[in-house]
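Enquirer: Chains L and E supply the protein sequences, listed in that same order.
If you're matching positions, the first sequence starts at 5 in the numbering used here and goes up one per residue.
If you're matching positions, the second sequence starts at 167 in the numbering used here and goes up one per residue.
Treat the hints with care, as some may be off.
[Said to hold, decoys possible] Quick list of the computed label-pair ranges, beta carbon to beta carbon:
1. S185(E) / G328(L): 34 to 42 Å
2. P257(L) / S323(E): 49 to 57 Å
3. K280(E) / H332(L): 50 to 58 Å
4. V201(E) / R188(L): 49 to 57 Å
5. A206(E) / R137(L): 36 to 44 Å
In case anyone wonders, no lab produced these hints; they're calculated from the structure.
Model, not experiment: these values are computed from the prediction.
Backbone N, C-alpha and C fix where the C-beta goes; we use that ideal spot for every residue, glycine too.
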Amino acid sequence: MAAEHQINAGFIPLFDSAVLVAAREIGFAAREGVDLTLSRETSWANIRDRIAIGHFDLAHMLGPMPIACNLGLTPLASDTIVPFSLGLGGNCVTVSNTLWAGMAAHGALPDLNPARAGRALGALIRERANAGRDPLRFAVVHPHSGHNYELRYWLAACGIDPSREIEIVIVPPPFMADALATGRIDGYCAGEPWNSASVVAGTGHIATVKATIWKTSPEKVVGVRKAWAEKHPEALSALLRALHHAARWCQDPANRGELAALMAQPSFLGLSPALQMPVLTGHLALGGGAELTVEDFFLPFGKAANFPWKSHALWFYTQMVRWGQVKHSAAHMALARDTYRPDLYRAALKPLGVALPGANAKVEGALTAATPVGSAGASLVLGPDGFFDGRIFDPDRIDDYLAIRDWAMPTS
Amino acid sequence: MIRKSLAVLVIDENHIRASIIEAGLREAGHEQVTVVHDVAGIARRIAEIEPDVIVIDLENPNRDMLENMFQLSRVVKRPIAMFVDRSDQASIEAAVEAGVSAYVVDGLRQERVKPILDMAISRFNAFSRMARELEEARSELEDRKVIDRAKGILMRSRGLSEDAAYTLLRKTAMNQNRKISEIAQSLVTAAGLLDPGES
Numbered sequence: 005m006a007a008e009h010q011i012n013a014g015f016i017p018l019f020d021s022a023v024l025v026a027a028r029e030i031g032f033a034a035r036e037g038v039d040l041t042l043s044r045e046t047s048w049a050n051i052r053d054r055i056a057i058g059h060f061d062l063a064h065m066l067g068p069m070p071i072a073c074n075l076g077l078t079p080l081a082s083d084t085i086v087p088f089s090l091g092l093g094g095n096c097v098t099v100s101n102t103l104w105a106g107m108a109a110h111g112a113l114p115d116l117n118p119a120r121a122g123r124a125l126g127a128l129i130r131e132r133a134n135a136g137r138d139p140l141r142f143a144v145v146h147p148h149s150g151h152n153y154e155l156r157y158w159l160a161a162c163g164i165d166p167s168r169e170i171e172i173v174i175v176p177p178p179f180m181a182d183a184l185a186t187g188r189i190d191g192y193c194a195g196e197p198w199n200s201a202s203v204v205a206g207t208g209h210i211a212t213v214k215a216t217i218w219k220t221s222p223e224k225v226v227g228v229r230k231a232w233a234e235k236h237p238e239a240l241s242a243l244l245r246a247l248h249h250a251a252r253w254c255q256d257p258a259n260r261g262e263l264a265a266l267m268a269q270p271s272f273l274g275l276s277p278a279l280q281m282p283v284l285t286g287h288l289a290l291g292g293g294a295e296l297t298v299e300d301f302f303l304p305f306g307k308a309a310n311f312p313w314k315s316h317a318l319w320f321y322t323q324m325v326r327w328g329q330v331k332h333s334a335a336h337m338a339l340a341r342d343t344y345r346p347d348l349y350r351a352a353l354k355p356l357g358v359a360l361p362g363a364n365a366k367v368e369g370a371l372t373a374a375t376p377v378g379s380a381g382a383s384l385v386l387g388p389d390g391f392f393d394g395r396i397f398d399p400d401r402i403d404d405y406l407a408i409r410d411w412a413m414p415t416s
Numbered sequence: 167m168i169r170k171s172l173a174v175l176v177i178d179e180n181h182i183r184a185s186i187i188e189a190g191l192r193e194a195g196h197e198q199v200t201v202v203h204d205v206a207g208i209a210r211r212i213a214e215i216e217p218d219v220i221v222i223d224l225e226n227p228n229r230d231m232l233e234n235m236f237q238l239s240r241v242v243k244r245p246i247a248m249f250v251d252r253s254d255q256a257s258i259e260a261a262v263e264a265g266v267s268a269y270v271v272d273g274l275r276q277e278r279v280k281p282i283l284d285m286a287i288s289r290f291n292a293f294s295r296m297a298r299e300l301e302e303a304r305s306e307l308e309d310r311k312v313i314d315r316a317k318g319i320l321m322r323s324r325g326l327s328e329d330a331a332y333t334l335l336r337k338t339a340m341n342q343n344r345k346i347s348e349i350a351q352s353l354v355t356a357a358g359l360l361d362p363g364e365s
């Protein structure tokens, strides 16, 4: 039987494309009548271009990318919406062995504590500056990425000016480990398995992780060309249901082995299954023999991971404003907020009778522990969702948030 | 008025394809053409060359890095933007399909760039065609080798002439609705399993 809906999607070889990959390969898409074609791409720019000209109907995207498209910050921008998030967490900040030794000399411990690691890094940066040495160079994967914003947020909260005291460059994720090993960069923020790749190679230390900088924080999303979504609402709904089932399957510990083997295939990541296990278990080798298990390191499904919270879109927007990528205005803010579409998520999943958040936005950082929340249907647990510096992001008080000038945590 | 010829930078890891583009640009009268295969140190090269047009292949994973540099870097004196002529959707599509993208300095008139992009598109397509034909020729050669080996096996084990061996292979392929080379490959594999000395 021919599938009811043909959908073309692009992805980048990163572990958090797993939900899309499982939707196709484990058969969830086919079960919803969707013939899902996946094309691997080498850059986010290619993803953006192929969405714009209609080669792809939707794609694996960095959470802030569709917002940047709608704000006209990128070439070939086309109206893009986000009806589904592909997971929470999953990134690390990895530094070279030399930089780690320097940080350790200033009190950094292999405990992934962002405040402690940041304090040590700050002390080292000032020591280097006094000695007249070049600023450290960090890499992120894209200017409009959670990586760029969480790295900057972490540094700024630790009293380091990321725009002046270090240099931030762009390096594609598969090249990060190599750039670190050859000394072209001193550290990077990237998704897995590209951090474990450096640890396994013996050339890097994981200094901290996204899941501790901001617990259960947004990362990749499904970006959909708006014109396509409006023309094919049923195909989109069918796909979102398939992705929901795929995400649940990816989160189930019983499927870890199969998922690792699937993602290891040359057409997806092309890296050994063993290298996929840290992201699946949250059990990370940090380098130098240290190991740690991080709670909620990467959530492809749990804690309402797939819900496209408008507060996530708005937080990304505040970071674009904060770092000078866009001017703040009511119109820009509305564009950012309207990019994420929880209404489409709810409409597609309602027939399944699964737990759905009742609100479209939440106060980020308000939950200090896992908390059952009011939801339509079955029970839903959210959080903890705190920022490591204890700040709160209230999506109803954006102007106050943007007015903050002193982001550094008090040094005690 | 004599217009200064445009400085063109071609970034392509594929040496052969880069040469093809370079030759095309020179034939079209562009004298200031620089080809770069490796993006290491690209910022300095851009500062030296001050290109008006940058042509890059879409397979290059460094596009994100380059786009960011075009927008922000202090070494790029004039802002560089992606070649986007909204009125010309067809040429954008043709470029992406061919696997190439172009960036131009701010203020450069689109009609001066369009011929360069069109040339890059046609050369990229020609290169893909050439690569495909080469691949077909290579697999044809492989097919012929495996058919020869299968014929040899049949001639030895069943005492057939070369023509009869080939006829048998062809008939079997037709009956099973498969390619002769597939039947030949199966036979070679099977013979290898039955007699390790055979293959």
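Enquirer: Can the suggested window of 36 to 44 Å be confirmed for the beta-carbon pair A206(E) and R137(L)?
Expert: 22 Å Cβ-Cβ, so the 36 to 44 Å window is violated.
Enquirer: A range of 49 to 57 Å was offered for this pair. Does it hold for the Cβ distance of P257(L) and S323(E)?
Expert: holds, 54 Å
Enquirer: Note whether the CB distance of S185(E) and G328(L) lies within 34 to 42 Å or breaks it.
Expert: Holds, since S185(E) and G328(L) (Cβ atoms, about 41 Å apart) stay within the stated range.
Enquirer: For the hint 50 to 58 Å, verify it against the beta carbon of K280(E) and that of H332(L).
Expert: The hint (50 to 58 Å, Cβ to Cβ) is violated, given that K280(E) and H332(L) are roughly 37 Å apart.
Enquirer: Lying within 49 to 57 Å: is that true of the beta-carbon distance V201(E) to R188(L)?
Expert: violated, 22 Å
Going down the numbered hints, you'll see the structure goes against 3, 4 and 5, while the others check out.
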